[in-house]
Structure formats: C-alpha cells, structure tokens
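S.K.: Sequence:
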Amino acid sequence: MTRPRKYAVGYGTPLAREIEAARKAFARRDARAMDLAYREAVRLAAEESAELMTTLAMQHVSRLRILGDSTTALERCEEHLGRDWENLQLRLLCAETRLALGDDSWIGAEIERVAAGRPMRGADEAQLHRLRGLAAAQRQDTGRALDHLGEARAAFAELGDEAAVAAVELDIRAVELQRGAVPEPVRGDDDSPQARMVRSEALRMGGWYEKALAELAPALDDLPDPSMRFPFLFAKVRLLRLLHAPVDDGLMSELYAAAEQSARPVENRSAAQRLDPTADGYSVIGMGGHLLQAARAYAETAWRLAETGEAERRVEAKQRLDEAEQLLLAEQAPPEPAGWHVAEWNLAAGEIAFATAKLDHDPTTAAQAVRHFQESAETQDAPVVDRISALRRTGDAHDLLRELDAAHREQHLARSAAAWAEAHGLEEGLAAKQEDDENRIRMLLANPTEFDKRVEAADRAIERGEEYAVAAAVIAMEAARGSAILPRILPGEEPPVRDLPGTGDLAGAWRWIRRAVRGLPRKQLIWMLHATPDGVHHAFIWRSGPFGLHVRHTLVSGEPGRTKIGLANAIDALKDCWRDGVRLEGRLRKRGRAETSFLGQKLNAVEGLLGIGRLGKLPEHVERIAVVAGGDLAEVPFALLPCPGESGKLLGAEYALSDLPCLSIRRPLRRRARGQRGTRGRQMLLVQPNAADPDTVDEQALEPAEEVLGRKVLDRASATPEALREALASGGYRQVRIDGHGVFQPDSAPESILFLAPEGESGELSAREFQAMNLGGTGTLMLGACESGMAERIGRDERTGFVRAAFLSGASSVVAARWDALDDVAARVLNSFEKNLCRRPRDIALFLALQEEHEKHHVGPGGHPARWAVWTLYGDVGHQKVWHEPLSRWWDAVLRHLGRGDA
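Take the sequence shown: its position 879, counted from the start at 1, is 879 in the numbering used here, and no numbers get skipped.
In short, the hints are calculated from the structure, not lab data. Check each hint, because a few of them may be wrong.
[To be verified] Pairwise CB distance ranges (calculated): (1) 14 x 257: 23 to 29 Å; (2) 608 x 217: 33 to 39 Å; (3) 414 x 548: 29 to 35 Å; (4) 706 x 464: 54 to 60 Å; (5) 882 x 432: 48 to 54 Å; (6) 709 x 762: 29 to 35 Å; (7) 608 x 712: 47 to 53 Å; (8) 217 x 745: 19 to 25 Å; (9) 608 x 465: 25 to 31 Å; (10) 313 x 432: 34 to 40 Å; (11) 381 x 313: 34 to 40 Å; (12) 550 x 897: 22 to 28 Å.
[Stated by the list, open to error] With a straight-line cut-off of 25 Å between C-alpha atoms, the simulated DSS-like cross-links for lysine-lysine are: (13) 602 x 590; (14) 856 x 590; (15) 602 x 617; (16) 590 x 617; (17) 649 x 575; (18) 649 x 856; (19) 617 x 523; (20) 523 x 649; (21) 523 x 575; (22) 835 x 856; (23) 649 x 590; (24) 835 x 523; (25) 433 x 211; (26) 590 x 575; (27) 575 x 602; (28) 712 x 523.
In this text, a Cβ means the ideal position worked out from N, Cα and C, and glycines have one as well.
Taking the hints into account, I'd like the entire structure generated from these sequences.
M.R.: Set out below in structure tokens:
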C-alpha cells in the first residue's frame with residue numbers, strides 16, 4: 001500500500017492554509033470541499049518541490065477513497081500524473097485505485113511495465129506484490145492472488161508497517177471468501193467498507209444472515225460513489241433472498257444501475273440477473289467462489305430451460321451448459337480430500353451432470369450427478385449451505401433416476417426422500433440462527449420440506465402417467481400431517497394406526513388408501529390440501545359403488561418459491577378479522593365504495609392463492625366433504641369459500657363439511673365412536689354457567705338451551721369445573737354440551753379458558769385441565785363457547801386447543817366455534833343440531849342446522865354467512881344414535897304413559 005509521507009510546510013503560507021482547509025473538510029467528511037482544497041494545494045506544492053507535490057497528491061487521492069469517492073480519486077490521480085508521468089508512487093496508487101473500482105482491463109500490463117522500468121525495493125516492492133495479488137483476484141485466479149498477497153504481507157511486516165500488514169490481511173480474507181473458504185474473523189475496530197464487507201461475507205457463509213445484513217448496512221451508507229456500490233448492493237440483495245425477505249423493485253433497479261456504472265457492466269449485469277426472479281438466470285447461490293458459483297448458476301438455468309420442452313429453450317440450455325463446463329474447466333479438480341473447494345467443485349460438476357441428464361434423458365449421466373452430489377455432501381469441513389444444496393440435489397437426481405431407471409424406481413424414490421429429509425433438517429438449523437421470528441418462519445416456509453419434495457415428485461410422476469403415482473401424492477400429503485395424537489385415540493392398536501407404506505411402495509400406497517377410507521359413505525368426499533413453496537396440491541378421494549375408489553390430484557401453481565409464504569401471510573391477514581378480541585361484526589360491513597367487506601377481501605385473497613376457481617367440479621353425487629388441511633391451511637374457514645367449479649355458491653351452503661387433522665385418524669375415531677352412541681335424555685349433559693334466571697335480569701346471561709327430558713343440567717352456580725369433572729367421571733354421557741363464554745390464548749393454546757362458575761379464577765377451566773377429564777363415553781361434544789375451535793400449531797403440524805384436548809380425553813367428535821360467535825345464533829344452531837342428531841349423521845345434522853339458521857335469520861341484505869359458518873364439526877361424522885333407539889324411545893314413552901318409568 002503506497003502511503004504519503006510527512007513534510008514540513010511554513011505556517012501561514014497559502015499552501016499551509018489550503019492544507020489546513022483540506023484537513024478540516026476531511027474531518028467533517030466534506031469530499032467536495034476537501035477535493036477543491038487539495039487540488040489547489042497540489043498546484044502550489046508543484047511550484048516548490050516535486051516530493052512535496054507527490055506527498056500531497058497521494059494524500060489527496062487516498063483521502064478521496066476513504067470518503068468513498070473512488071471515481072473522483074482516479075480522476076485526480078491521473079490529473080496529478082499529468083505533471084509527473086514517471087512518478088512511480090503515483091502510478092502504483094493509480095493502479096490500486098483502478099483495481100478498487102474493479103477495472104483490470106489494462107492493469108496487468110501496466111503493473112509489469114512499471115516493474116520493468118526500474119528496480120524497486122522496500123515499500124514499493126511490497127506494494128507491487130499487493131497489486132499483482134489484487135489483479136489476479138480480479139481475474140478469478142485466487143491461488144496466484146494469495147501467493148502475491150502473502151509476499152506483500154511478509155514484505156510489509158519486515159518493514160514494520162503494521163497498518164499496511166493489516167490492510168493486506170484484509171485483502172487475503174476477501175480473496176479467501178471469494179474462493180468460498182471461511183477466513184479468520186476480521187477485527188471489529190476496522191469500520192472501513194472493505195472490512196465490513198469481509199465480516200458480512202464471513203457471517204453469511206456461517207449462516208448468520210441477519211447479522212451479515214446489519215454489518216453491511218453502514219458500509220453502504222459510507223459509499224456515495226455509484227461505481228463502488230455494486231458489490232455491496234449485490235451482497236445485500238443476496239442476503240435478503242437467502243432470508244426470503246421481500247426485495248422491492250427500487251432496490252433491484254438500484255442494483256442494475258450500479259452494475260451499469262461499474263467498471264464491468266456486462267459481467268455485473270449478468271450477476272445481478274442471478275438475483276432477479278424475473279430473469280432466466282435467477283439462481284441464489286449461497287456460497288463458493290465466483291467461477292464455481294457461475295458454473296452452478298448456468299447449469300441450474302440450463303435444466304430449468306430444459307424442463308419447458310421448447311426446442312428454442314433446449315438450444316439455449318445447451319449453450320448455458322457449454323458455458324458452465326468452460327467455467328468448471330477453469331477451476332481444476334482439487335487434489336485435497338476435504339474442504340470447501342472440494343464441496344463446491346463437486347456441486348458444480350454435479351449441477352452440470354444433472355442438467356445434461358435432464359436434457360439427454362441419460363440415466364448414466366444422472367448417476368454421475370448423484371456421485372458428485374454425494375461427494376460434496378460428505379466432504380469434511382464443507383459449509384452447511386453447500387451440504388444443504390448437495391443433499392437437495394441428491395434427492396432431485398434420484399428422482400430423475402426414478403423416471404429414467406424403471407427397474408429400480410422404488411429404491412430411487414426412497415433415497416430421494418431420505419436426502420430431502422436430511423437437507424430440510426439442516427435448513428431448520430440454519431433458520432434457527434436468525435433472531436427475528438418472521439425471518440425464521442419465512443425461511444422454513446420458503447424452503448421445501450421432504451414432504452413438499454415428495455408431493456412435487458409424485459405430481460411429476462402423475463404427469464408422466466406412472467401407475468399409482470396419485471397414491472404416492474396422497475401418502476406424501478398424509479405424511480406431512482401431524483400424527484402425535486394417533487396413539488392416544490385407540491392405544492395398543494395392532495398394527496399401528498400410522499402404518500404408512502414405505503416411500504417406494506406404490507402398490508402399498510394404494511392399498512393403504514383403500515384401508516383408510518373403508519366405510520366411507522358413497523356421498524362423502526375427502527379433500528386433502530398441501531401447500532408447497534411453488535403451489536398448492538389438492539387430492540380428492542371418493543367412492544362409487546361397493547368397490548370403486550377414485551383419487552384425483554390437482555396442482556394449482558403459484559409464485560415459485562413464494563406460494564407458501566404468500567398463503568401464510570394471507571391467512572394471517574384473514575385471522576386479523578377475529579383474533580385478539582376483534583369482533584367479526586365490524587369486518588362484515590362494506591367501507592365506503594368498496595365492493596366487498598374487509599372479511600370478503602381477505603377471503604378472496606386466500607381463495608385466489610388456493611386456486612379454488614381452477615379446480616374441476618366435484619362429482620355430482622357428493623353431498624358431504626371431510627377436509628384434511630394441515631399447517632396454516634387448517635385455519636381457513638372452508639364454509640365461506642366458493643365451491644370448486646361453481647361460481648356464486650358457498651361450500652358451507654352446498655355441502656356438509658367436517659374437519660380431520662389427518663386421514664389416518666378417520667378409522668380410529670370411527671371405531672371409538674361406535675361405543676359412544678346414544679341420544680336418549682339420560683345420556684346427555686348440559687353445562688350452562690350463564691343460563692338466564694327468570695327471576696333476574698342479566699345482560700350477560702345466555703339464551704337457554706331447549707329442555708330435553710331426562711338430560712342432566714349443570715346451570716348457574718352448579719356449573720363449576722369440579723362439578724363437571726365429577727359428572728364426566730362416570731363416562732356415561734354420550735352427548736355433552738357446554739354453553740358459555742371462552743377466550744383463546746394464542747401464545748399458549750393449552751391455557752385457553754372456558755368460563756364456568758363462579759366468576760374468577762376458581763371458575764376458569766383451561767384446555768389443559770379439560771384434557772384431564774373423562775370423555776371416554778362421549779361421542780359428541782358441543783362447545784358453545786366463543787373461540788373454542790381455535791388452535792395453536794406446535795412442532796411440524798400439531799395443533800393444540802380445546803378440540804385436541806377433547807380428542808385426547810376420549811371424545812370422538814367436537815362441534816366448536818372458529819371465532820367469536822353470537823349468543824343467540826349459538827343457541828339456535830346447537831338446539832337444532834341436537835334435534836337432528838336423533839336422525840342424521842353428525843355432519844349432515846350440523847349442515848341442516850346451519851341451513852335452517854341461514855334461511856330463517858340471515859337471508860337478505862343484512863345477512864352474512866359468517867355468522868353461522870363459525871361452527872365446524874371436527875372428527876367422526878357418523879351417527880350419534882343407536883340403530884334401535886327409535887324403538888327404545890317408543891318403549892320409554894309407553895312406560896311414562898303407564899307411570900312405570902322415567903326416560
């Protein structure tokens with residue numbers, strides 16, 4: 001590093017005044033004023049001494065670069081060289097400034113010409129080594145760059161120039177990062193833009209993306225020179241892409257503008273396109289050296305182009321592959337057995353082989369890609385991001401071999417699933433390194449899980465017409481659903497209730513579906529949904545005749561990489577209509593000139609992302625639908641969505657809907673419910689802590705439930721948690737109805753509350769306490785409390801709340817409210833539901849009750865289906881009544897008439 005010398009200047013002279021003005025302007029970071037003062041000082045110094053002129057000129061250029069204006073620094077350096085072209089120190093400084101701007105178009109020849117001009121020693125020789133190293137780094141010759149920089153560091157150290165040694169060490173770390181290695185940390189007291197960039201890159205390679213962004217931000221603020229901003233803007237956008245955070249159009253425009261203003265506009269424009277989802281070359285590469293990154297990006301673009309099947313695109317894909325191979329040849333295969341370079345090189349080689357196999361449909365090349373990816377994933381000391389990429393591509397390559405190598409199709413399917421699962425496990429660890437919850441959630445939603453990849457692989461197999469491929473899609477969607485609740489439904493079951501077939505067992509998948517839907521009513525359809533980062537998958541299962549089974553799969557493609565995030569955000573906005581104490585009534589009114597209400601707008605957004613309008617019409621004979629939707633999709637009120645293939649009709653108004661946490665739970669709940677049937681009065685329990693007292697006036701009192709002969713009632717002061725616990729302990733109540741108020745705790749669903757008697761803590765019943773009660777004899781539980789159907793997701797896909805607590809405590813089906821329900825509506829719906837249970841299956845009984853409520857009370861301009869669609873049936877949909885109950889009720893009536901018994 002060429003540094004200006006100290007020189008004595010007479011006090012009070014014009015030169016001294018200009019130097020002082022330049023010093024003060026530099027202190028207040030006024031680049032323009034400093035530039036004017038130094039230019040005049042250099043002119044005055046040239047009249048006195050060439051050595052003094054050189055010292056001031058070097059100080060002028062160096063300080064302009066410190067203030068972030070390297071473009072003006074280069075102009076002034078060339079201006080000062082005009083006075084003394086053979087000035088070695090100025091020529092070296094000019095070469096250094098050009099390199100800082102990224103311009104190495106003539107720098108190599110210029111450096112060698114300077115070196116050949118006259119022998120150099122000391123600091124000049126050390127600086128020459130440094131410039132040779134920086135020039136080699138610009139040409140991507142990182143090995144030679146490190147050699148020259150090492151010599152420069154040794155030379156400066158011998159001279160005792162600690163500042164120069166620190167600067168060269170920073171250059172070395174930057175080159176090591178360029179190669180893909182994680183260097184030693186840079187000291188934190190160096191706040192120069194280059195030091196911040198090196199620290200930011202090291203953090204990125206360690207997976208600390210948020211910290212890397214925070215380190216980079218001040219560097220961008222200190223760089224007003226447009227020609228210097230491109231690498232910093234590129235690093236910022238890449239970090240935002242890795243976090244899957246939104247990148248506004250203004251930032252991308254700034255990145256492209258910085259590329260045009262840089263010394264390498266064509267190359268930097270191509271690099272910017274790798275971060276632009278609208279460009280063909282889009283490929284966010286998280287690690288590695290420039291050449292290998294580019295090779296991977298070209299190969300990835302090639303196989304994406306090949307997937308389109310268009311002839312012109314295939315030609316373009318071939319061209320990209322040729323470019324990738326040339327770049328890979330420029331990086332020799334590493335002889336060492338471990339390290340980042342081995343992992344990165346094998347990744348690039350694997351990407352090229354994978355793209356070639358896709359283009360040529362060659363199983364041999366695909367197997368070669370698998371070997372490269374496996375070697376990359378198994379490399380010692382490989383960065384975690386490289387391991388994730390290698391494992392994901394291993395799964396993708398095995399999935400390709402599944403198509404090309406039919407003899408070993410099931411083995412390749414199993415191996416692909418294993419690789420995807422391991423990759424997602426590492427991604428979860430990477431997301432855990434981020435401190436912001438939104439960033440962690442976005443990363444997990446944007447990165448496909450092993451189940452997402454299995455569903456997508458099954459979809460591709462369906463397109464190819466593979467036998468049983470649609471069954472594989474259903475199994476993958478089912479495997480993604482939570483299953484921790486299953487052993488508690490029917491403990492000790494043999495075989496286990498979660499006996500999903502092996503990943504490659506396609507015939508076994510079809511047999512499993514047949515068992516899972518055995519006894520499915522002919523008029524009922526099972527609708528499974530699963531969201532991936534690229535789209536929403538729908539599977540429909542129904543029967544026709546005694547043995548006919550139909551499975552239909554439909555993919556609704558969304559924004560690549562953003563569909564699951566978009567759905568989560570849309571569903572979160574929809575839930576704002578009723579959570580945290582918000583009254584839904586206020587969201588049902590239209591505002592101003594809006595065509596729809598606030599709730600309607602949010603529902604439309606969710607409907608569009610789910611692609612309901614792009615699904616085919618459901619079979620004509622279907623009247624009942626069981627929805628199996630995990631993750632955020634379980635929060636969607638399907639009753640308020642339109643029917644697939646039919647505009648203007650709501651699902652809740654046309655079909656009897658029910659909800660299942662997973663398909664595996666259907667048969668265990670059905671078997672449990674067989675021993676919990678009964679609709680006779682003495683088999684029913686009603687809990688009404690806020691029942692109206694005819695002798696008093698209470699605005700908080702609930703509309704009383706209709707009287708049922710023989711039903712046990714706990715009302716007002718007798719409706720305590722302890723009384724409920726004692727009543728349920730017998731296990732003899734087949735129907736339990738709890739009318740009251742409740743509140744959902746979103747941060748801890750097990751602590752959600754049902755308010756019983758008396759007022760205060762002693763009358764509060766939490767979901768955790770409710771789960772400990774005995775509902776082993778209860779076939780149908782009706783929770784008339786507000787928000788009783790809300791749940792909190794824990795783990796991968798487990799939902800906690802009162803509904804889950806009821807299943808765990810023994811109930812087979814639960815009717816609960818998704819949001820704040822109106823008291824009078826709740827009373828009418830549940831009264832009607834109880835009556836219908838005597839004749840109808842549970843889902844149809846609730847459907848008829850909701851239809852009656854709509855037709856009698858919500859038809860007209862002021863009516864809205866959200867007032868009754870709040871109610872959802874969870875679990876078993878079968879009959880609550882026993883087949884002989886009509887005869888039993890007739891006999892009870894006879895006995896009562898004769899005065900011999902009490903029903």
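S.K.: Against this structure, judge whether each hint is valid.
M.R.: We went through each hint and held it up to the structure:
1. 14 x 257: 23 to 29 Å: violated, 41 Å
2. 608 x 217: 33 to 39 Å: With a Cβ separation near 35 Å, residue 608 and residue 217 satisfy 33 to 39 Å, so the hint holds.
3. 414 x 548: 29 to 35 Å: holds, 30 Å
4. 706 x 464: 54 to 60 Å: holds, 58 Å
5. 882 x 432: 48 to 54 Å: holds, 52 Å
6. 709 x 762: 29 to 35 Å: holds, 32 Å
7. 608 x 712: 47 to 53 Å: holds, 48 Å
8. 217 x 745: 19 to 25 Å: At 37 Å between Cβs, range violated.
9. 608 x 465: 25 to 31 Å: Check passed, 30 Å falls within 25 to 31 Å.
10. 313 x 432: 34 to 40 Å: Roughly 39 Å apart at Cβ, these two residues keep to the hinted range, so it holds.
11. 381 x 313: 34 to 40 Å: holds, 38 Å
12. 550 x 897: 22 to 28 Å: violated, 51 Å
13. 602 x 590: Holds, at about 13 Å.
14. 856 x 590: holds, 23 Å
15. 602 x 617: Within the cut-off at roughly 24 Å; holds.
16. 590 x 617: violated, 30 Å
17. 649 x 575: holds, 22 Å
18. 649 x 856: holds, 18 Å
19. 617 x 523: holds, 15 Å
20. 523 x 649: holds, 19 Å
21. 523 x 575: With Cα atoms ~31 Å apart, residue 523 and residue 575 exceed 25 Å; violated.
22. 835 x 856: holds, 17 Å
23. 649 x 590: Holds. Residue 649 to residue 590 sits at ~20 Å (cutoff 25 Å).
24. 835 x 523: holds, 22 Å
25. 433 x 211: holds, 10 Å
26. 590 x 575: holds, 18 Å
27. 575 x 602: Holds, because 9 Å separates the two Cα atoms, which is no more than 25 Å.
28. 712 x 523: Answer violated: residue 712 to residue 523 is near 35 Å, above 25 Å.
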